[in-house]
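Number of protein chains: 2
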Amino acid sequence: MAERLSRRQMLAIGGAGAAGLAAAGVAGAMLRGAADEPPTELNDPSAAVPFYGTRQAGIITPAQDRLHFVAFDVVTTKREELIRLLQAWTEAAARMTAGRDAGPVGAVAGIPEAPPDDTGEAIGLPPAQLTLTIGFGASLFRDAEGRDRFGLADRVPEALAPLPRFPNDAIEPAISHGDICVQACANDPQVAVHAIRNLARIGFGVVSVRWSQLGYGRTSSTSTEQQTARNLMGFKDGTANLKAEQTAELDRHLWVGSGDGPSWMDGGSYLVTRKIRMMIETWDRTSLVEQETIIGRTKGEGAVFGQVKEFDEPDFTIRHGDGELVVPEDSHIRLAHRDFNGGARMLRRGYNFVDGSDGLGRLNAGLFFISYQRNAHRQFVPVQRQLATKDVLNEYIRHVSSGLFACPGGVRDATDHWGRALFA
Amino acid sequence: MAERLSRRQMLAIGGAGAAGLAAAGVAGAMLRGAADEPPTELNDPSAAVPFYGTRQAGIITPAQDRLHFVAFDVVTTKREELIRLLQAWTEAAARMTAGRDAGPVGAVAGIPEAPPDDTGEAIGLPPAQLTLTIGFGASLFRDAEGRDRFGLADRVPEALAPLPRFPNDAIEPAISHGDICVQACANDPQVAVHAIRNLARIGFGVVSVRWSQLGYGRTSSTSTEQQTARNLMGFKDGTANLKAEQTAELDRHLWVGSGDGPSWMDGGSYLVTRKIRMMIETWDRTSLVEQETIIGRTKGEGAVFGQVKEFDEPDFTIRHGDGELVVPEDSHIRLAHRDFNGGARMLRRGYNFVDGSDGLGRLNAGLFFISYQRNAHRQFVPVQRQLATKDVLNEYIRHVSSGLFACPGGVRDATDHWGRALFA
Chain A
266 MAERLSRRQM LAIGGAGAAG LAAAGVAGAM LRGAADEPPT ELNDPSAAVP
316 FYGTRQAGII TPAQDRLHFV AFDVVTTKRE ELIRLLQAWT EAAARMTAGR
366 DAGPVGAVAG IPEAPPDDTG EAIGLPPAQL TLTIGFGASL FRDAEGRDRF
416 GLADRVPEAL APLPRFPNDA IEPAISHGDI CVQACANDPQ VAVHAIRNLA
466 RIGFGVVSVR WSQLGYGRTS STSTEQQTAR NLMGFKDGTA NLKAEQTAEL
516 DRHLWVGSGD GPSWMDGGSY LVTRKIRMMI ETWDRTSLVE QETIIGRTKG
566 EGAVFGQVKE FDEPDFTIRH GDGELVVPED SHIRLAHRDF NGGARMLRRG
616 YNFVDGSDGL GRLNAGLFFI SYQRNAHRQF VPVQRQLATK DVLNEYIRHV
666 SSGLFACPGG VRDATDHWGR ALFA
Chain B
266 MAERLSRRQM LAIGGAGAAG LAAAGVAGAM LRGAADEPPT ELNDPSAAVP
316 FYGTRQAGII TPAQDRLHFV AFDVVTTKRE ELIRLLQAWT EAAARMTAGR
366 DAGPVGAVAG IPEAPPDDTG EAIGLPPAQL TLTIGFGASL FRDAEGRDRF
416 GLADRVPEAL APLPRFPNDA IEPAISHGDI CVQACANDPQ VAVHAIRNLA
466 RIGFGVVSVR WSQLGYGRTS STSTEQQTAR NLMGFKDGTA NLKAEQTAEL
516 DRHLWVGSGD GPSWMDGGSY LVTRKIRMMI ETWDRTSLVE QETIIGRTKG
566 EGAVFGQVKE FDEPDFTIRH GDGELVVPED SHIRLAHRDF NGGARMLRRG
616 YNFVDGSDGL GRLNAGLFFI SYQRNAHRQF VPVQRQLATK DVLNEYIRHV
666 SSGLFACPGG VRDATDHWGR ALFA
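Order-wise, the sequence lines are chains A and B. For the first sequence, the numbering used here assigns the number 266 to the initial residue and increments by one for each residue that follows. For the second sequence, the numbering used here assigns the number 266 to the initial residue and increments by one for each residue that follows.
In isolation and in its complexed conformation, chain A is listed as follows (with noise of 0.2 angstroms):
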């Protein structure tokens, strides 16, 4: 520490002209939070979510307001330079996520040419529960022509296997897959962007941003505790969600058991990161009856239809007097119900995106699904196979990115670091 200050102080040296006075200034706002153990009470907005433990923090946290989502190819072909990014990265995050600054990670004592070990745009901000959550795609681990890239290949998940082609899509590559995801959720968007343009700056020469998406507010909640937020179709999104309570539920749909792939991923999760355009100028020409039909729950109380609350449990047998099903047979939340997709669930924790327009009078907005599950093949691929060939919902929407990640379990301490089962 006492090496650091004084590099910065040498710093603000040369740059400001006022010795110690500006170099006061500099040290301080380096440090952003002062508390070596910030807070954790997760309803505190602005506190810090644990880095370290057995689970990547992030998947079953509560959903935090914001996301910024990146997807890096990795431009090296260094296995050593790779693992040395992963480790860099970790130690940042680590900090990043308590509320510090990314930094010692690139800074070299003593010389004044070095860039800063910190962006600087969150000095003064709280953690925001910021989490950082890692994945790695199945590019990572052998190249479009098959090649082992970084003597992973006899590593690779099953379960990373390509998603199929559904009915409808629209994937753009270039905002699709990609070698390794970070996904940054906090509860000021300063915080969440600030930590991935950090890890960004950090993997310079190693890694390059493939595609970033920022989702300004959550969808889906993973707690109990939170209540259901709406999407932009106006509905209530996640209200049969799997939520953090239900450990026995997440052992069965969530984490990945051992014996199920290579140990690197035991008590990890697979993630499915989905684009998802809505036509909301189409949708908003709809009227309220058909809306709710399509959907199958009200759209104010977000009650499934023939209940009354939005918690009430369905009930899809029960028919109106002239026989037809009060839900009906093509409704969405029918389609994507457990009761009808083998008992699959998964952990969703969405966000709502809008990226400016799209040049022919329309916003350019929609949800930005991401679910987390043991395994996307046995989950999220049969769901969505059947919402993509009846939902009706797919007028309005269009899927237009993909991605599939293998999230292994947490780092466990500070000697641990992102992917060491991996490349161990």
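Hints were generated in silico from the structure; no laboratory data involved. Since the structure is predicted, the reported quantities are computational estimates derived from the model, not experimental observations. Beta carbons: idealized from backbone N, C-alpha and C, even for Gly. Just to be clear, a hint being listed does not mean it is correct.
From chain A, some residues computed to sit far from chain B (all C-beta separations above 12 angstroms) [unchecked claim]:
(1) S473
(2) G480
(3) R517
(4) A601
(5) G607
Label-pair restraints from in silico Cβ distances [claimed, not checked]:
(6) A:P429 <-> B:T680: 55 to 63 angstroms
(7) A:A435 <-> B:E345: 36 to 44 angstroms
(8) A:D623 <-> B:D434: 49 to 57 angstroms
(9) B:V657 <-> A:A435: 39 to 47 angstroms
(10) A:N433 <-> B:D595: 35 to 43 angstroms
The hints should help you fit chain B onto chain A, whose structure is shown.
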């Protein structure tokens, strides 16, 4: 109100099949805030900002955290249709800024095929200090061929003449200018997006979205009560901004005075938008010394070189022992300061943006610059001309969009509407 409820009840009956219960849910949901007189304390980030007044809200209102900015093209050729839209928008804006749904605009009692009069995604959310600020672009008055579009050609203010092209401008017309703009600021992005989306919905067939921009975090503060925030250079931004409390300065620099131009702009202000892409990856590889020298402030405290604290007044005359100016000749702060721009000041309320990545391995990020001033040609233009030619910062930034809009005075009460004085 009775009519609205009965329409909603009927819709709910048709849609949900579970008449009374669902109707209660839907009707309840459409009223976001129960209070007809929402609280207005600005230290409560969820409170309402008064919509009616002699000035438009959203200019000196303490800058909220989030932005959704939209520019519309008017697609109708009928003056009366445009006026009717402005009336409908005003009604919706008054409701939404009070934390209510956008309706009853568009509601047609007793017609179940009618779309909902609010899109629903803000149900249950507080007003979140939403402000909606309207401005009119030069293209509303005359088309590209110089033809008078709506009988307004003799009312175009001289101050609305196009901004000049500046050196290094890389302006993309598709995301620049526009006939009408609306700036939505709020402390919850879902509330800001909801407002713009509903204005676009209401305007269907009369206007079309030309471009829109989300700002995820504010930079400049507009009140002495607010902490200065940071832009993506990592520096504090807006320390020397015009502030709401400086009423004499506001009259001189911000508000259009009677006699400045056509009377419909009395009490208004001219709005300049510039989307400034930052080459943050290049910036991040620049030393702290160089960054601070380019800006002329320390990064941590934000003190001008030679000073101790952020708000210490700069002294541009002091020199080092070797005769070099302490605040360098070509530093950003000196070039932009009123002392070197004939006293010109602006009220800035910009926002950081990240629009994913640029396909070249870089984040597409920067500052959505917003400034309000009495006359952009005497305030923004000379400052920007000086910056565009001399500022070293230009190596790290690029202006990619530009807009100039005339924002008239406020809507005085429920009998008044946006554009009334302009069309009177």
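Hint-by-hint comparison with the structure:
1. S473: violated (4 angstroms)
2. G480: violated (10 angstroms)
3. R517: holds (32 angstroms)
4. A601: Non-interface label stands for A601 (chain A): nearest chain B Cβ at 19 angstroms, farther than 12 angstroms.
5. G607: For G607 (chain A), whose nearest Cβ neighbour in chain B is about 28 angstroms away, the distance exceeds 12 angstroms, so it holds.
6. A:P429 <-> B:T680: 55 to 63 angstroms: holds (60 angstroms)
7. A:A435 <-> B:E345: 36 to 44 angstroms: holds (40 angstroms)
8. A:D623 <-> B:D434: 49 to 57 angstroms: For D434 (chain B) against D623 (chain A), whose Cβ atoms are near 24 angstroms apart, the range 49 to 57 angstroms is violated.
9. B:V657 <-> A:A435: 39 to 47 angstroms: 43 angstroms Cβ-Cβ, so the 39 to 47 angstroms window holds.
10. A:N433 <-> B:D595: 35 to 43 angstroms: violated (55 angstroms)
In summary, the structure is inconsistent with hints 1, 2, 8 and 10 from the numbered list given earlier, while agreeing with the others.
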